[in-house]
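> Residue numbers (this note's numbering), protein chains in the order written: chain B, 1 to 289; chain E, 290 to 499.
These aren't lab readings, by the way, just hints derived from the structure by calculation.
Treat each hint with caution, since some may be false.
Listed below are the simulated SDA-like cross-link pairs for lysine to any residue, each with C-alpha atoms no more than 25 Å apart in a straight line [claimed, not checked]: (1) Lys177/B <-> Leu485/E; (2) Lys22/B <-> Gln117/B; (3) Lys177/B <-> Cys436/E; (4) Lys60/B <-> Cys436/E; (5) Lys310/E <-> Thr48/B; (6) Lys493/E <-> Gly259/B; (7) Lys363/E <-> Gly259/B; (8) Lys204/B <-> Ile219/B; (9) Lys363/E <-> Gln100/B; (10) Lys21/B <-> Ala90/B; (11) Lys310/E <-> Gly235/B.
Reference listing, derived: stretches of chain B covered by chain E, where coverage requires no fewer than 3 residues with Cβ under 8 Å from a Cβ of chain E [as the list claims (entries may be wrong)]: (12) 52-60; (13) 74-86; (14) 146-156; (15) 161-170; (16) 236-247; (17) 262-272.
A virtual CB, placed ideally from N, CA and C, is assigned to each residue, including glycine.
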Amino acid sequence: MPISSALIQSVTASLYERSLKKIPEDTKVALRQARGTDGSDIARKTLTIMLQSADAAEQKDHLVCSDVGIPVYSVKLGTRVQFDGPVRQAIVDGFKELAQNIDPPILRMVTNPLTHQRSHAGKDMPIVTFDMIDGASYIEIVCAPKAMGSGRWEALETFVYPSLETIEGYVLDVVIKAGSQPCPPIVVGVGIGGTFDYAARMAKQQILRPFGQTNPEPILAAMEQRLLSAINSLGFGPMGTGGDSTAMAVHIDYAASHGFMPVAVALNCWINRRTGARIHDDGTVEWFE
Amino acid sequence: MSGQTHRLRLPLDLAAVQALKVGDLVLLSGDITISIGLPTHQRMVQELAAGRALPVDLHGGAFFHLSAYLRDAKHSGDMPTALYMNPSTSTRYNASMPALIRGLGLRLVGGKGGLDMASVAAMQEAGCAYLSFLGGGCTPLSEAIECVVSSHWNEYISQFRLTTVRVNQLGPATVAIDAHGNSVYQQLLVRAQDRLPDILARLKTQRQTP
Chain B
1 MPISSALIQS
11 VTASLYERSL
21 KKIPEDTKVA
31 LRQARGTDGS
41 DIARKTLTIM
51 LQSADAAEQK
61 DHLVCSDVGI
71 PVYSVKLGTR
81 VQFDGPVRQA
91 IVDGFKELAQ
101 NIDPPILRMV
111 TNPLTHQRSH
121 AGKDMPIVTF
131 DMIDGASYIE
141 IVCAPKAMGS
151 GRWEALETFV
161 YPSLETIEGY
171 VLDVVIKAGS
181 QPCPPIVVGV
191 GIGGTFDYAA
201 RMAKQQILRP
211 FGQTNPEPIL
221 AAMEQRLLSA
231 INSLGFGPMG
241 TGGDSTAMAV
251 HIDYAASHGF
261 MPVAVALNCW
271 INRRTGARIH
281 DDGTVEWFE
Chain E
290 MSGQTHRLRL
300 PLDLAAVQAL
310 KVGDLVLLSG
320 DITISIGLPT
330 HQRMVQELAA
340 GRALPVDLHG
350 GAFFHLSAYL
360 RDAKHSGDMP
370 TALYMNPSTS
380 TRYNASMPAL
390 IRGLGLRLVG
400 GKGGLDMASV
410 AAMQEAGCAY
420 LSFLGGGCTP
430 LSEAIECVVS
440 SHWNEYISQF
450 RLTTVRVNQL
460 GPATVAIDAH
470 GNSVYQQLLV
480 RAQDRLPDIL
490 ARLKTQRQTP
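Next up, chain E with everything else stripped away, as it sits in the complex (with noise of 0.2 Å):
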């Protein structure tokens, strides 16, 4: 892994996304459009299908699962306060991802534990990489918003309503599964799988041994 440091500024092209490598850090300012509804995706997805537009564009944008505390304001049509934010599982998005991240244009995705390889194909083809935030990281990562720019689908809670949030140097992220095909979570699978019959083995040596 390089572990080579981006600072980005959204929205990004396809050369800024290209350049960047499984292992390298990222601090991200900007818009993020964020979420962690699972009806929120399966409503995006349908929006997408029936050819209807999103009431944010994420053209050339970031989609992260981030859930955040929105307090909302006093006076309607103000916008509301974003008091902290960190990430969620991706894992459980893996249905809806592929089609968003093909018909939206994303250039960046994230939250943690990452993406199945449907997933990665589609970062692949569009140019996307996914970025690890930190589990945990509530405290430093709420302190890169800067600001609520828009909140959508506000029926649902906080955290599953569709919130752009303007922040400044967030993170540092992991990428994690780059634009070229890699993602760092099917490699370590893979590894933990090809050494478990060395590591059974030792497991049954140290068994025997008083």
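Chain B on its own, in the form it takes in the complex (with noise of 0.2 Å):
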């Protein structure tokens, strides 16, 4: 039976208060590694504060952070799938509806980059990227918000047949540039080619990839771990205090590019906010981070 517009409007309205109010699981027990391993005595009294702080909002239905972001969010459409009504409308009522009533209610943070003028709407919000999924009779739907945070420091520079020397080198500058300021310990998310949106978008969906899983590409696999260790052995630690846990996972992923290739680097903060549902055309919702 088709999908209706109201269960996505209510869906994504859910998705977006799920990802203010609960971090995921994956990223509470990386956080609780970090804190048994982490070398400095100020590093895991704040990754104590860390934990203490996601579960009081969890169980307090309460926000992890006051910076809402901006509402963003990734949709896979299966081909046979099909709606009730409109799909991008849907989504932008489910955030309109979502600001209307979420308690506690939420600041505006949505600006106007020409006026700087501040709601909780403005033109192209949601930021709302679609992608397709052959053969499937569900859609998925992540929610992402994008706070100060962590989106002021992401970055993406195009190089020319780059070595991985100079790519590795690259997504380091990044990361020192951007430094104590985004909330580590972070998600660091990795585009390597395409074009330059393509690699942007590739990066963002890497800061959305679950913790532990392989990397199929073994050249990226051993890079995400060298990576990381590099990362942490940088010392900024978390909220940037000093300590060994500056980042709990680097994600890569590749496209095949032109002589021209981009690499984007996106980063989350370390309440990692990533929650997704799949929507089935019998009208269940799965819940997944």
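Combine the two chains into a complex, taking the hints into account.
Structure representation (structure tokens):
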């Protein structure tokens, strides 16, 4: 049966609220592991209050962070799915519903770049990207609100035939420039190749990847391990006040490119907002992180 | 880092701030003034430059980059309620902070992510320390809110207003810049840059190892 616009709207609103109030389970595990291994006393204390904050928000149905970011949704449409109405507008309406009804209410973060006026709505908000899943009878929606702490430091540079050394050096440069400011320990997503826009999209998709998956490309699997160790050797630590836990994960994807090869680096802060739902054509909804 | 915990009550004298060292923890009580508005900071600097008093006296006090959701009272004249608060990145106020630190008699500033060396110099000169609050600490930090004492420049959106909040045991916050010219942010940045050549060399070796 067709997936209804009303259900998409409702799920869209719920996804945003879940992402604001609960950090993913794998992220809690990573923070606990970091607390167990970090050699810095202040880092272990900071990781402890991070975990306490995440638990408190979840238990009290409260916000983990007051910077609720701007709404960003990644949507994958199964090709066998039918709809009873609009999809994009349902997502717009879902965020509007959320902004009007969430408890506690959220601050106005959506900002007009020309006037700096702030609101809960704005041109092209929410930012929605669409992709297809051939043969699927469901749609997937992932909500990953983007806030100031990590959003400010994401970067992209276009190289010509970069070596792996150049790519890895660039990732480290971006992380050092971000330094203490993106609320570490962070998740680093890297997109290599494709085009300017596609590299950025790959980097964004990679910060949404759950922890613990092995990259199917052996060159990238090795690079992920090397870069994670390298970033954690920099010493910025939790909240950037020192320690061995600057990143929880480095996730990398690539696409065939030309002689020009963009490298994009996306960052997620320690609360690692990413919440997803799969809506099946029988109306059932599966939630995932 | 010493990691000593200080329970402080505002306003603070110079000796109390000079006792804070980078790496110490602070639990803070009393009245703090907060805003994350860029226009708010610029207006504060303009008021100071013009020799006009701010609507709230910050001498010996604390000014933090904390964003608060204020629910306005039903009756005009009554104080709003602060539903929650949480830190924001301080570096975007680098241009304003030295003048505010020197001109307002602040003993504590804070937020997250630190301030640049021009602010560190101003803090050493004025006797002021920077506290790093937990980004993503909205729930526990908000539990410290007792009441809103005052709310000024209310034509701004909630988090841009100049708001004074009474808090009880706010924190723990980490002393990240002390009043002696020590900045953990600068130390860590220099250390990371110093470590980079060795890290890059290690990456090269790892790439060459099958």
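> How does the stretch 146-156 of chain B fare against chain E when you require at least three residues with a CB closer than 8 Å, holds or violated?
Holds, because 3 residues of the stretch 146-156 of chain B bring their Cβ atoms closer than 8 Å to Cβ atoms of chain E.
> Regarding the pair lysine 21/B and alanine 90/B, is the alpha-carbon distance no greater than 25 Å?
Distance ~22 Å between lysine 21/B and alanine 90/B Cα, so the pair holds.
> How about the stretch 74-86 of chain B: do at least three of its residues have a C-beta closer than 8 Å to a C-beta of chain E?
violated (count 0)
> Between lysine 310/E and glycine 235/B, is the straight-line Cα distance small enough, at 25 Å or below?
19 Å, holds
> Hint check: lysine 363/E vs glutamine 100/B, CA-CA at most 25 Å. Holds or violated?
19 Å, holds
> Examine the stretch 52-60 of chain B for residues whose CB is less than 8 Å from any CB of chain E, and state whether their number is three or more.
As far as the stretch 52-60 of chain B goes, the hint holds, because 6 residues have Cβ atoms under 8 Å from chain E.
> Within a Cα-Cα threshold of 25 Å, do lysine 177/B and leucine 485/E meet the stated pairing?
13 Å, holds
> Sort out whether glycine 259/B lies within 25 Å of lysine 493/E, counting only the CA atoms.
Status holds; Cα separation ~23 Å.
> According to a criterion of three or more residues whose C-beta lies within less than 8 Å of a C-beta of chain E, is the stretch 262-272 of chain B covered?
holds (count 3)
> Is lysine 204/B within 25 Å of isoleucine 219/B, Cα to Cα?
20 Å, holds
> Confirm or reject the coverage of the stretch 161-170 of chain B by chain E under the rule of 3 or more residues with a beta carbon closer than 8 Å to the chain's beta carbons.
holds (count 4)
> Between the alpha carbons of lysine 310/E and threonine 48/B, is the straight-line distance 25 Å or under?
21 Å, holds
The structure fails to meet hints 2, 3, 7, 13 from the earlier list, while all remaining hints are met.
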